[in-house]
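**Student:** This is what each chain is made of:
2 protein chains.
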Amino acid sequence: MTKQLDVSNIRPNVRKVEFRLKDEVVDRALSYKKLFEDKDPKTSELKFPDLVFFNVGDAHVAGQKPISFYRQVLAMIAYPPLMDNPPAGIPEDAVQRARVLHKASAGLGAYSGAQGLLHVRQTCAKFIEKRDGFASDANNIILTDGSYDALKIGFELLIRDERDTILIPAPGYPLYSAVIREIGGIPQHYFLEDKHQFNPQVDELKRVYEQAESKGQKIRAIVINNPGNPAGNVLSRETLVQLLKFAKEKNIVVMADEVYQVNAYDIKAPFVSLRKISKEEDIQVEMLSFQSTSKGFSAECGVRGGYIEFYNVDGNTVKEAVKLVSVRLSPNTTGQIILDLACDPPTEGQASYPLFHEESEAIMGQLRRKAKAIEDSFNSMNGTSCAEIKGSLFAFPQIHFSEKALQSAKEAGLSPDTFYASQLLDATGVCVSSGNIFGQKEGTYHIRLTLMPTEDRVKVALDRIKTFNEEFYRKYQ
Amino acid sequence: MTKQLDVSNIRPNVRKVEFRLKDEVVDRALSYKKLFEDKDPKTSELKFPDLVFFNVGDAHVAGQKPISFYRQVLAMIAYPPLMDNPPAGIPEDAVQRARVLHKASAGLGAYSGAQGLLHVRQTCAKFIEKRDGFASDANNIILTDGSYDALKIGFELLIRDERDTILIPAPGYPLYSAVIREIGGIPQHYFLEDKHQFNPQVDELKRVYEQAESKGQKIRAIVINNPGNPAGNVLSRETLVQLLKFAKEKNIVVMADEVYQVNAYDIKAPFVSLRKISKEEDIQVEMLSFQSTSKGFSAECGVRGGYIEFYNVDGNTVKEAVKLVSVRLSPNTTGQIILDLACDPPTEGQASYPLFHEESEAIMGQLRRKAKAIEDSFNSMNGTSCAEIKGSLFAFPQIHFSEKALQSAKEAGLSPDTFYASQLLDATGVCVSSGNIFGQKEGTYHIRLTLMPTEDRVKVALDRIKTFNEEFYRKYQ
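Chains A and B, in that order, are what the protein sequence lines are. Using my numbering, you'd call the opening residue of the first sequence number -1 and step up by one each time. Using my numbering, you'd call the opening residue of the second sequence number -1 and step up by one each time.
Hints are not guaranteed to be accurate.
Treat identical chains as interchangeable: a pair holds within one or across any two.
[Stated by the list, open to error] Here are the simulated DSBU-like cross-link-like pairs (lysine-lysine), alpha carbons at most 35 Å apart as the crow flies:
no., residue 1, residue 2
1, Lys317, Lys216
2, Lys45, Lys370
3, Lys266, Lys402
4, Lys32, Lys266
5, Lys1, Lys124
6, Lys63, Lys101
7, Lys31, Lys317
8, Lys213, Lys473
9, Lys45, Lys63
10, Lys124, Lys31
11, Lys473, Lys193
12, Lys439, Lys266
13, Lys37, Lys321
14, Lys45, Lys14
15, Lys457, Lys128
16, Lys14, Lys213
17, Lys321, Lys14
18, Lys101, Lys402
19, Lys248, Lys124
20, Lys40, Lys266
21, Lys408, Lys266
22, Lys321, Lys40
23, Lys243, Lys14
24, Lys213, Lys317
25, Lys473, Lys37
26, Lys128, Lys1
Simulated from the structure, these hints should not be mistaken for laboratory data.
Isolated chain A, as found in the complex (with noise of 0.2 Å):
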């Protein structure tokens, strides 16, 4: 007799989802860990004194701290008697906040209705207004679990049958092709190059288009993903009307993950919201845009906090997603308060204020920096290059490989990246991801390094990898 939860007898979707963030490099990585951790002999055996998680994308597990004022007002409201009482140092206007919040939620403990509260996504609604200068609704906002959720819903209001199809962006983040296998339909990549520094081509997406309406797919929406992971880039106005065309031209979904929004190093290059140049140009699309409080620079990933927003989307669907959200009853409490408070932080004459600006900048300007090192580093080296990283949390070098070392990979049973990542960790400890897992155009391989690690230790793993690497492009040279 079958049981009902042999693996083979499981939910067919659950076992199509493929994720990782990981292969055996970082795995490999975790046991060196560990045996330092341990501090167990065979450490001496090793070629470098300690490792760098080059991979790693969680700011506070690197070690930065969070915002004193967004983590004074949340400490407030987990324990109300404190706000009666305000502990030594903590601004009045961080009080007032917390008061109005605990107010506005009836406290932590309390179920925030489906769609969060009112008040969280009227803060919302005025950081949106505030970013692209035209009003958006509250009602139009569903508060979320962070961004997974929030791009969950979408995916799930879009995704009929299996032919439905999503074109998602490669490299891109590997959370877009699991959801949409978990719900059944179809990611499709379009592929952004080093040399147009990672602006998606019409071109592309146009041949991407053929290719599945040719194989019987229906394309329901395109994600972009602006500021990039892993590409650290942040798109050109142009790119962003060419995009709005293409999609208002094949009556197509955009997907705006702008979950970096905060995260652009490039004066000449900022942010700007897709909503924001749909209405300046008059491309009106369908448009479902993210947000979310594990990035930033407060980076509060634990708290899962986020939102969706329904623009130019029929009212009644907007109806349905709030029904399909409140079976749950509730996002939870903490991610919205941080929210609240990341999408509304302290202004210039309150007392909170030079504390938070002091702190913010101090991490939005040890980003930058980062940002710049690494670029600089990979496009100084033999054998690398490194489009230029002007937003989100990442750089996406590329490596090139001879065909030597090709072979050598390939008798090792290894993608040519895998293969330079592995030597690497081994001969300096630095652990990087492989370029493959966010996928990337056929024949050019990447590393994934994040911002997160601190300056010093940036620095330090930068002169281990160009030490290392000019050592790899002797010997296959």
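Since the structure of chain A is already known, use the hints to place chain B on it.
**Tutor:** Same frame as chain A, but now just chain B:
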């Protein structure tokens, strides 16, 4: 050209989801509430001085205070400087606990791994071991954003296609059928009856099973909710043994929704887990069991904490479940912290114990007294009766309608239970839920009350209900 997100063009399963906890009666109560808030002169036309929301399942909204220990620990983790300089009155063991959890989590802002923090899973495993008398494995536990999330993982593993069927209780919480429909399976009710104190009967299960099978449905699992919402039942050991034998005979999975396990009020009818009985009676079935932070005495609904434990389930299927949740990277950290504290609260001898004991016992005592008052009240009135309220946070008294009352309800175009609830609201300001929201055996009618209003308000409401009911009874006799 049809819009992609026109409501006619979205995923059919989304449209099929039905979920409501409110009906027109609750909507009207909310409109009355607004009149009172706005000090609208129209309130003088109402027959009552204020409202009692006897339908609301949110203890914190109803005025219950959070457990101090939980929130003290959470506040210090939220704003770590408080761990070094604890505010006056925070006991040392709370500070220690915050330090341990802060270290185990790398703080609220860090991802905690897809399965949730190992530390918290180990706490849950110890809690289960203590409860059942034999070990639980932290590797078989996934921490979730509330029990909705946990139940959904179970349903998603089980439902392969549109024939797959899950047996669910009626009366029961509407979440089950909503999620099963969303995933594309069939929710199949088995009925619980007042006369059996809402203990499921094997004859009824066999009837439903055979009927479903004869239609070509494939029964995959049975949901058992104990203690039960809305019935207020705690299942007898004998019933649980029979249910396990039935599940074993039919080779179906047992989904043990035991989120109200702390809410058992009758010493003579304690909660016993299905897992414990399965082991003690050696009735081995595949089992998923569920817990939540939203229930018990702390009722921390908004933080969204919970777990699913896999018991006697193929290890590869557990791996598939972990893969599935890995896409979202992490359940929210606040929910995990509160779950840890609820599974391992202060014990005698610890500095936090006296206050914790006082607060939790006070709440449990109130719940017990409220349950008794409601039960007694409905058993003492004409035309109403109430099964013993042994557990959960609800009461589900039956209203026995005369032919005349049934006829009047029909003429009003309302289900009889809604007809009663509607008249009750307009006559007294007491808002209750109609039984048909939860399902009820044909020809029986109920209302659902929650144990959430304060004891004072429960007394006020029961008095008003009594007056109304006697008049209703006389009128339709």
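**Student:** Tell me the numbers of any earlier hints that the structure contravenes, in ascending order.
**Tutor:** Structure breaks hints 3, 4, 8, 14, 15, 18, 20, 21.
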